[in-house]
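Let's have the full structure, built from the sequences with the hints guiding it.
First to last, the sequence lines map onto chains A and B.
FYI, our numbering numbers position 197 of the first sequence as 197, with every residue one higher than the one before it.
FYI, our numbering numbers position 276 of the second sequence as 276, with every residue one higher than the one before it.
Be aware that a few hints might be false.
Simulated crosslink set (DSS-like; lysine-lysine; CA at most 30 Å straight-line) [what the hints assert, rightly or not]: (1) B:Lys-218 x B:Lys-311; (2) A:Lys-19 x B:Lys-135; (3) A:Lys-158 x B:Lys-204; (4) A:Lys-51 x B:Lys-135; (5) B:Lys-311 x A:Lys-193; (6) B:Lys-57 x A:Lys-51; (7) A:Lys-23 x B:Lys-57; (8) A:Lys-23 x B:Lys-135; (9) B:Lys-24 x B:Lys-88; (10) B:Lys-241 x B:Lys-204; (11) A:Lys-224 x A:Lys-289; (12) B:Lys-204 x B:Lys-7; (13) B:Lys-261 x A:Lys-51; (14) A:Lys-158 x A:Lys-19; (15) A:Lys-23 x B:Lys-222; (16) A:Lys-286 x A:Lys-224; (17) A:Lys-51 x B:Lys-196; (18) B:Lys-241 x A:Lys-51; (19) A:Lys-321 x A:Lys-224; (20) A:Lys-51 x A:Lys-193.
Interface residues of chain A toward chain B, partial, derived using beta-carbon atoms under 10 Å [claimed, not checked]: (21) Leu-27; (22) Pro-57; (23) Ala-66; (24) Thr-88; (25) Ile-89; (26) Asp-92; (27) Lys-100; (28) Gln-108; (29) Asp-163; (30) Phe-191; (31) Lys-193; (32) Thr-296; (33) Phe-300; (34) Leu-304.
Here are some chain A residues the structure puts well away from chain B; computed CB gaps all over 12 Å [as the list claims (entries may be wrong)]: (35) Arg-54; (36) Phe-105; (37) Lys-197; (38) Tyr-213; (39) Arg-264.
Derived from the structure by calculation, the hints contain no laboratory data.
The beta carbon of each residue, even a glycine, is placed where N, CA and C say it ideally should be.
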Amino acid sequence: MRTLTGREAVREALTEEMKRDEKVFLLGEDIGVYGGAFGVTAGMIDEFGEKRVRDTPISEAAIAGAAVGASLVGMRPVAEMMFMDFITIASDQIMNQGAKIHYMFGGQLNAPFVLRMPAGAAEAGAQHTQSLEALLYHIPGLKVVMPSTPYDLKGLLKTAIRDDNPVMFIEHKKGYGEKGEVPEEEYTIPFGKADIKREGKDVTIIATSHMVYKALNAAEELEKKGVDAEVLDPRTLVPLDMESIVKSVSKTGKVVIVHEAHRRGGIGGDIAARISDSDAFYYLEKPIKRVTGPNTPVPFSPVLESEFIPNEEKIIEAVLKITD
Amino acid sequence: MELSEEKKENMYRNMLRIRQFERKVDQFISRGDITGTTHLYIGQEAVAVGAVNALEKEDYISSTHRGHGHSIAKGSDIKEMMAELFGKSTGACKGKGGSLHIIDTETHNLGANGIVGGGIPIAVGAALAMDMQEKDEVILNFFSDGAMNQGAFHEAANLASTWNLPVVFVCENNQYGMSTSVEKAFNIKDLAARAKAYNIPGVKIDGNKVLEVYDAVKEGVKRAREGGGPSLIVAETYRWKGHSKSDAKVYRSKEEEQAWKDRDPIAHFEEELKNEGLLDDDKVKKIHEEVDSEIEKAVTFAQDSPYPAKKELFDDVYVDAEVEL
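Pasting the structure below:
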């Protein structure tokens with residue numbers, strides 16, 4: 001099978017959906033001739049023209065608001081926030097407006113737009129590196145997608161564009177360069193279906209976004225130490241595939257949750273609570289462990305940043321604490 | 001274009017409908033029959049009615065937290081509006097929205113908005129969709145003096161102008177953002193001057209004169225429909241009541257209030273229509289009776305309607321998906 005980078009997979013999903021449905025269009029900062037800050041939309045303006053690949057002013061509230069408004073009147077906008085950190089500037093449009101429209105208007109309107117946002121630490125300091133999925137996860141009305149591999153990025157983005165709800169699509173910057181198999185044939189991936197990225201019987205590592213790669217590396221090392229780890233990638237946080245999580249945890253009896261976002265109020269805490277609330281609780285043999293970014297801003301210095309980002313070593317350490 | 005007699009009478013009726021609806025709501029709010037709070041439109045009726053009548057039926061509006069008047073002017077069913085205020089399942093939003101979120105997609109009303117200025121980018125997005133779909137429609141976006149100092153206004157006005165979108169911005173300058181007067185919140189006297197910053201036409205009008213509002217909005221709508229892009233209309237008016245239920249109006253004088261009440265938009269229009277021979281006292285009395293009876297029916301409908309079933313809490317969070325419990 002051919003391989004694509006994460007960047008190419010996202011671009012292919014956008015391109016295919018724009019060809020399939022003329023209501024789909026892109027808007028965002030520097031997504032036209034520049035090709036987006038991370039090159040995701042490179043060349044698309046040549047293929048689709050500036051009406052459907054719209055460069056915007058640096059106005060995040062207007063970008064998100066225009067996406068909400070256009071979605072109410074028959075279009076299917078896909079807006080790019082240049083960095084996920086910038087959702088804070090657009091937060092009224094995302095959290096008070098887009099997320100609530102279907103509910104507070106009694107189902108009269110729906111807002112089928114997608115907000116794509118590159119997240120994650122990548123040598124840029126405190127305001128261009130955050131993983132803020134927990135903010136979005138908290139808000140009813142939003143769907144939150146956080147893929148890892150090129151295959152998942154493409155299949156889930158196509159589903160996101162076809163979904164009738166606001167979808168927050170979180171892409172990890174380091175995932176843009178990762179390569180993976182992506183079939184030539186058309187496919188989509190349903191929301192709410194976790195993917196077991198590696199089967200194992202001793203411990204369940206639940207990892208999101210780019211942490212999936214680190215969890216897989218850790219699992220390889222753990223195997224050498226005689227620990228057979230299962231790596232579960234939820235792929236979508238809202239909806240969250242608790243069925244697969246419960247099943248895996250019931251099998252292994254041990255859980256390590258890995259995310260790059262800060263620990264306090266991170267989704268790991270909620271996943272742990274949901275496991276405790278479920279039948280899997282009775283199968284737990286050890287405390288649930290979390291490997292996460294600390295409760296600090298993301299620092300710039302490469303030495304400090306790599307201390308911030310969870311890595312294989314920390315995952316292995318956490319696993320061994322509950323499997324030894 | 002000269003307005004037909006029928007249309008003028010209907011505008012008068014609609015202004016009255018708004019006022020009487022709001023008076024009734026005011027009673028229910030102060031008695032506690034309607035819970036929560038509400039933002040009454042009394043005193044501003046000429047803006048909603050004048051502006052909406054300058055639209056074609058298919059054109060859109062988007063509204064504000066002080067939105068009852070806009071909905072009534074656009075032709076919403078006042079029974080469903082009243083039921084919504086009572087939190088009943090027959091309400092415009094099935095009781096989910098309340099006063100702050102009344103909507104009516106049938107009349108192309110994209111809804112009221114609880115966030116000051118929050119609706120402006122959305123209206124611009126809707127205009128973008130109309131433009132991209134090459135529709136003949138325009139959107140009229142109501143907001144207030146308060147919203148004009150939100151960043152969202154600046155971002156959205158700039159985008160609408162830069163992309164030449166079919167939106168008419170109607171700023172209702174009712175002189176106060178809650179308690180803060182425009183004098184305290186702006187360092188300009190004419191809010192329409194801000195249009196210059198976006199290279200769009202901006203005009204300040206008497207928002208208590210319904211025909212003046214109509215004429216100004218008509219021009220903005222024509223311009224937008226013909227591809228001329230957005231414009232800004234600042235309608236000077238006054239909210240007679242407090243900002244919301246809790247407002248004791250300590251920040252303004254009785255004299256100031258009276259001066260504006262002396263410029264009552266409904267009384268003014270009534271007099272105009274009487275001078276034109278379109279209305280007389282009998283006709284006015286008849287319209288009053290008809291409007292009051294219609295509102296009584298809305299009240300009865302609202303009071304007789306059931307509350308939502310408790311399980312409806314979980315409905316409509318997502319389209320075609322259950323909320324996770």
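Here's how the hints hold up against the structure:
1. B:Lys-218 x B:Lys-311: violated (46 Å)
2. A:Lys-19 x B:Lys-135: holds (21 Å)
3. A:Lys-158 x B:Lys-204: The hint is violated at about 47 Å.
4. A:Lys-51 x B:Lys-135: With Cα atoms ~15 Å apart, Lys-51 (chain A) and Lys-135 (chain B) stay inside 30 Å; holds.
5. B:Lys-311 x A:Lys-193: It holds: about 26 Å lies between the C-alpha atoms, which stays within 30 Å.
6. B:Lys-57 x A:Lys-51: holds (28 Å)
7. A:Lys-23 x B:Lys-57: Cα-Cα ~24 Å, so holds.
8. A:Lys-23 x B:Lys-135: holds (13 Å)
9. B:Lys-24 x B:Lys-88: holds (17 Å)
10. B:Lys-241 x B:Lys-204: Between Lys-241 (chain B) and Lys-204 (chain B) the Cα gap is close to 23 Å, so the pair holds against 30 Å.
11. A:Lys-224 x A:Lys-289: At roughly 21 Å apart (the allowed maximum being 30 Å), Lys-289 (chain A) and Lys-224 (chain A) satisfy the hint.
12. B:Lys-204 x B:Lys-7: holds (24 Å)
13. B:Lys-261 x A:Lys-51: The hint is violated at about 49 Å.
14. A:Lys-158 x A:Lys-19: holds (12 Å)
15. A:Lys-23 x B:Lys-222: Answer holds: Lys-23 (chain A) to Lys-222 (chain B) is near 26 Å, not above 30 Å.
16. A:Lys-286 x A:Lys-224: holds (22 Å)
17. A:Lys-51 x B:Lys-196: holds (26 Å)
18. B:Lys-241 x A:Lys-51: Distance of about 46 Å is beyond 30 Å: violated.
19. A:Lys-321 x A:Lys-224: holds (16 Å)
20. A:Lys-51 x A:Lys-193: violated (35 Å)
21. Leu-27: holds (8 Å)
22. Pro-57: holds (6 Å)
23. Ala-66: Since chain B brings a Cβ to about 4 Å from Ala-66 (chain A), closer than 10 Å, the hint holds.
24. Thr-88: violated (13 Å)
25. Ile-89: Since the shortest Cβ distance to chain B is 9 Å, the answer is holds.
26. Asp-92: Holds - the Cβ of Asp-92 (chain A) comes within 10 Å of chain B, reaching about 5 Å at its closest.
27. Lys-100: holds (8 Å)
28. Gln-108: Check passed: Cβ of Gln-108 (chain A) comes within 5 Å of chain B, closer than 10 Å.
29. Asp-163: holds (8 Å)
30. Phe-191: holds (8 Å)
31. Lys-193: violated (13 Å)
32. Thr-296: Not OK, violated: Thr-296 (chain A) not within 10 Å of chain B, min 29 Å.
33. Phe-300: Not OK, violated: Phe-300 (chain A) not within 10 Å of chain B, min 28 Å.
34. Leu-304: violated (33 Å)
35. Arg-54: Check fails; 8 Å does not lie beyond 12 Å.
36. Phe-105: Per Cβ check, Phe-105 (chain A) is inside 12 Å of chain B; nearest 4 Å; violated.
37. Lys-197: holds (23 Å)
38. Tyr-213: holds (27 Å)
39. Arg-264: holds (22 Å)
Checked against the numbered hints listed earlier, the structure breaks hints 1, 3, 13, 18, 20, 24, 31, 32, 33, 34, 35 and 36; every other hint is satisfied.
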